[in-house]
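**Student:** Sequence:
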Amino acid sequence: MATFSLFAQMIKFRLRPDRITFIGILMACSHVGMIDTAIIGFNCMKMVYGVEPKAEHVGCLVDALSRGGYLDKARLVLESMLFETNASAWRALLGGCFAHGDYELGVVVARHLIELEPPEESGYVALQKLYAITGRIEDALKVRKLMCDLDIKQSS
Numbered sequence: 001m002a003t004f005s006l007f008a009q010m011i012k013f014r015l016r017p018d019r020i021t022f023i024g025i026l027m028a029c030s031h032v033g034m035i036d037t038a039i040i041g042f043n044c045m046k047m048v049y050g051v052e053p054k055a056e057h058v059g060c061l062v063d064a065l066s067r068g069g070y071l072d073k074a075r076l077v078l079e080s081m082l083f084e085t086n087a088s089a090w091r092a093l094l095g096g097c098f099a100h101g102d103y104e105l106g107v108v109v110a111r112h113l114i115e116l117e118p119p120e121e122s123g124y125v126a127l128q129k130l131y132a133i134t135g136r137i138e139d140a141l142k143v144r145k146l147m148c149d150l151d152i153k154q155s156s
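Taken in order, the sequence shown gives residues 1 to 156; the numbers are from this note's numbering.
No lab work stands behind these hints, which were simulated from the structure alone.
Among the hints, erroneous ones may be present.
Okay, the calculated beta carbon distance ranges per label pair [claimed, not checked]: (1) Tyr103 - Leu82: 28 to 34 angstroms; (2) Ala99 - Asp18: 29 to 35 angstroms; (3) Met81 - Gly101: 21 to 27 angstroms; (4) Gly50 - Ser80: 16 to 22 angstroms.
C-beta: ideal position from N, C-alpha, C; glycine also.
Let the hints inform the model, and build the full structure from the sequences given.
**Tutor:** Here you go:
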C-alpha cells in the first residue's frame, strides 16, 4: 500500500513523521482493516516519535476498531482519553454499532452524542432508529416528539 511505502521511505531518509502523517497512516489502516497496525501506529506516535495523539488520531483509531467489530475496545479508547474526544469519533463507534448489530451499545453511544451536541440531529435520529430496531416503539416515538419539541429537523 502506498501510504506505508511512503512512511517507510520517510523513516529511511530520517524524516520525522508528524501528526498529519499519523492521521494518514491511521486512516489507511482503518480503511483496509489493518487494526493491529493501527493500534501499533497509535502507540508508536508518542513513544517513538514524540507526537501527542489528538482527537483526530483517536477518531481514526476508533474508526478502525469499530469497522473491525472491536466495539468494546473502541469505547474503552474513547473513555480512557485524558482529553475530551470529538463527536466524530463517537459517530464512528455508532456506525460500528449499526454495522455489527450491537444496538445496546448503540443506544449508549447515541445518548452520549446527544449530550455532546444537543442541537445536532444525528444522535437523536440514531437513537430513534435504534429504539425502533429493538422494538422499543414507545421510546422511539418519545425521541421523535422531543425532536419536534426542540425543533430539530431530520434531513433527508
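**Student:** Next, verify each hint and record whether it holds.
**Tutor:** We went through each hint and held it up to the structure:
Evaluation of the 28 to 34 angstroms hint for Tyr103 and Leu82 yields a pass: the beta carbon distance comes to about 30 angstroms. As the Cβ distance of Ala99 to Asp18 is approximately 31 angstroms, the hint placing it in 29 to 35 angstroms holds. Taking 21 to 27 angstroms as the suggested C-beta distance range, the pair Met81 and Gly101 conforms, at roughly 26 angstroms. Hint check: Gly50 to Ser80, Cβ distance near 21 angstroms, so the stated range 16 to 22 angstroms holds.
Consistency note: the structure conflicts with none of the earlier hints.
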